[in-house]
Amino acid sequence: MSSDLGKLGDKTGAPVEVTVGWGRIPLRVLGWGVLFALMFLEPNRSARAWSVWVVVILLQGAISLLTFALGAMASSVSGPYTGLVFALGTFWLLMPYVSGKGWPTTFWCAFGLILIGTWVFGFSGMDSVGESEFMIFLLYVGFNSGLGFALGLASSRKNPHIGTFIAWLLLWSCVLWLVTAIPWVVIAVAEAGPIALTALFAVFIAAGVGVGVTLAFLILSAVEPFYGTRFRAFLGELPAPETPPAPPVITCPAS
Amino acid sequence: MALWLLGVSVCSVHLAIAAAGAGEPVQTAPANDKVLLIPLEYREVGFTIDRVGFELHTPTAAQAAQLKLPPVGKGTKLVFGALEVGTNQFAFAWDRNKARLYLDLNQNEDFTDDAAGVFDAAEKGYSQKFAGIRLSVLDGTGQCDLLIDLMFYSTRIGFAELRSFYEGKLELAGQTWQIGVVRRPVASGRSTRGRSESALLIRPWTERANEFSLTDSTAVTVPFCETVQLWDKSYTPELVWQQCGGTNKPVLKLGAVETALGQLELAGMYVDRLVLANAPHRAAFFHGPARIIRLPVGTYTDIEVFLKNDDSEATAAFDEKVVVTANTTNTLPVGGPLTNSVTITQRGRILRMDYKLVGYSGKPYELVHSGRLKEPEFTIYKGDRRIASGKFQFG
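Chains as they are written, first to last, in my numbering: chain A, 1 to 255; chain B, 1001 to 1395.
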């Protein structure tokens, strides 16, 4: 390291030796391992079931590009969305276990699983516990995505089609992201003036990426009959399949 | 009698200045061995000497009904705040729509009877600046003037920037010095703990054209404490007012006091200026200090140090408890040489590198640059193989 200090000191500082460890990477690997293990559950024992990994890998690639483009902000921005990909991937693989249980159960399962999955997996990629921006963003992505998904389910239960669900999902996502952003935008405007309204663009982008991740899984259900049948049964458009074996115990990656 | 003699002494010096016609304050000779009297002149500058933040509030309708307010447009909400200078409090009301400020100059809580207290911002906008506000405060027996700019960034926060001080000239330690008194405004209701009401400026007379600030850690200002040590002598500073030609003129009175002294040894090199303070009790100022300095015994909590070696300069300010005792010579861990250093922390897959310029005992310093600072550079090696290099970013 070097900087010209004039006559107050040497230009080159003493070398600093650092040993780079694995950090939190194993926790993430464990999380993906859990997702991989779910492939061996009885309802997922089909070659077509592996198509969920195409979506996961494509989304992760897109998030990595976003991470690279944003540089220093990357870990705060990408972590929650990686968590959302993990949560939705898990949800898509466990969907048979929550289908046909009645909409209140479905509502809470969808909300809870997406919220917890995003939090647990996203948290494992966090830089440090003390970064409040990361925590707030993680909460936003998990809460808005989970609740938007669950409210989309509840709203489309009388007309259970993928198209109806997507329409409700988009509507609820807009409402939730805007409502939860209002307090922060109001505070920002009070502090910095109307210029802070530009923060709304960030909210729209954050909401757009969150909805985009969810839509990618819905597209999977639209184009891949294996997941199409599963999702339509989950919505109630088709009768639910026979009750599968008891759900597995999932190891929490951040524990 | 003693006071009368004092008055004559100062006045005569002041008349001598007028006769010289130089327009500059002239040093005074000591009134006696125990007291230095320095006539001061009011001076306004184009840079910010001190900056204080204040909070604004919007009163309820009931509170507003009790205030004597200027006529404002329908639906206009005035925002209120206040500044204090010594025991004086100046309330103000800001009308953002009209970009107008109403200042209660006569401090009677009536905004309608201060014709000179109405100011218009140069530009209408969300943030507004009211420049060139002159306050006159009763300070003992004299009227002390201040020039401030008020900046409003939102309906909640604003800043007052001071652009005036009182200046004098002093012969001390074989050199001519510019000595000044800075009266500092404070925000009403804010804690002033550790912040002195005034500050003393001390620097070579030849540097008087340079900008200075109470916030830049260059060790040219000292808190106006009960006891101020200037080199090897302790003084009780006092701003007094003397009748001269029918007007009250400010005079800085430095009364020499005998105090028990202790010693500190400066651990590092290149210390050009040094200020140790524990406001409002004691402060000590050194210019070109020796390796061992003598100063009043007691505890000091704030340290400012200015390093200089030829044309290379650096500053530092620490909050650190330093105890000076009569019988022992403690070490003061300040000074150079400076070293480029980096702190590395691993966060997940990210290696975070924080650059620090450190001096003796790892204390952080900042280089003083007249131009643009050049970013420090780094190179990373894995074994003998260079794998990355780059520059640190400021911020």
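Treat the hints with care, as some may be off.
Unchecked claim - Each computed BS3-like pair below joins lysine-lysine, with the alpha-carbon atoms no more than 27 Å apart:
id, chain 1, residue 1, chain 2, residue 2
1, B, K1374, A, K7
2, A, K7, B, K1098
3, B, K1374, B, K1308
4, B, K1169, B, K1382
5, B, K1391, B, K1356
6, A, K11, B, K1391
7, B, K1129, B, K1169
8, B, K1098, A, K11
9, B, K1374, B, K1356
10, A, K7, B, K1391
11, B, K1382, A, K7
12, B, K1382, A, K11
These are calculated hints, taken from the structure and not from any lab test.
Hints and how they fare:
no., hint, in the structure
1, K1374(B) <-> K7(A), "holds (16 Å)"
2, K7(A) <-> K1098(B), "violated (54 Å)"
3, K1374(B) <-> K1308(B), "holds (19 Å)"
4, K1169(B) <-> K1382(B), "violated (60 Å)"
5, K1391(B) <-> K1356(B), "holds (13 Å)"
6, K11(A) <-> K1391(B), "holds (14 Å)"
7, K1129(B) <-> K1169(B), "violated (34 Å)"
8, K1098(B) <-> K11(A), "violated (54 Å)"
9, K1374(B) <-> K1356(B), "holds (14 Å)"
10, K7(A) <-> K1391(B), "holds (22 Å)"
11, K1382(B) <-> K7(A), "violated (31 Å)"
12, K1382(B) <-> K11(A), "holds (22 Å)"
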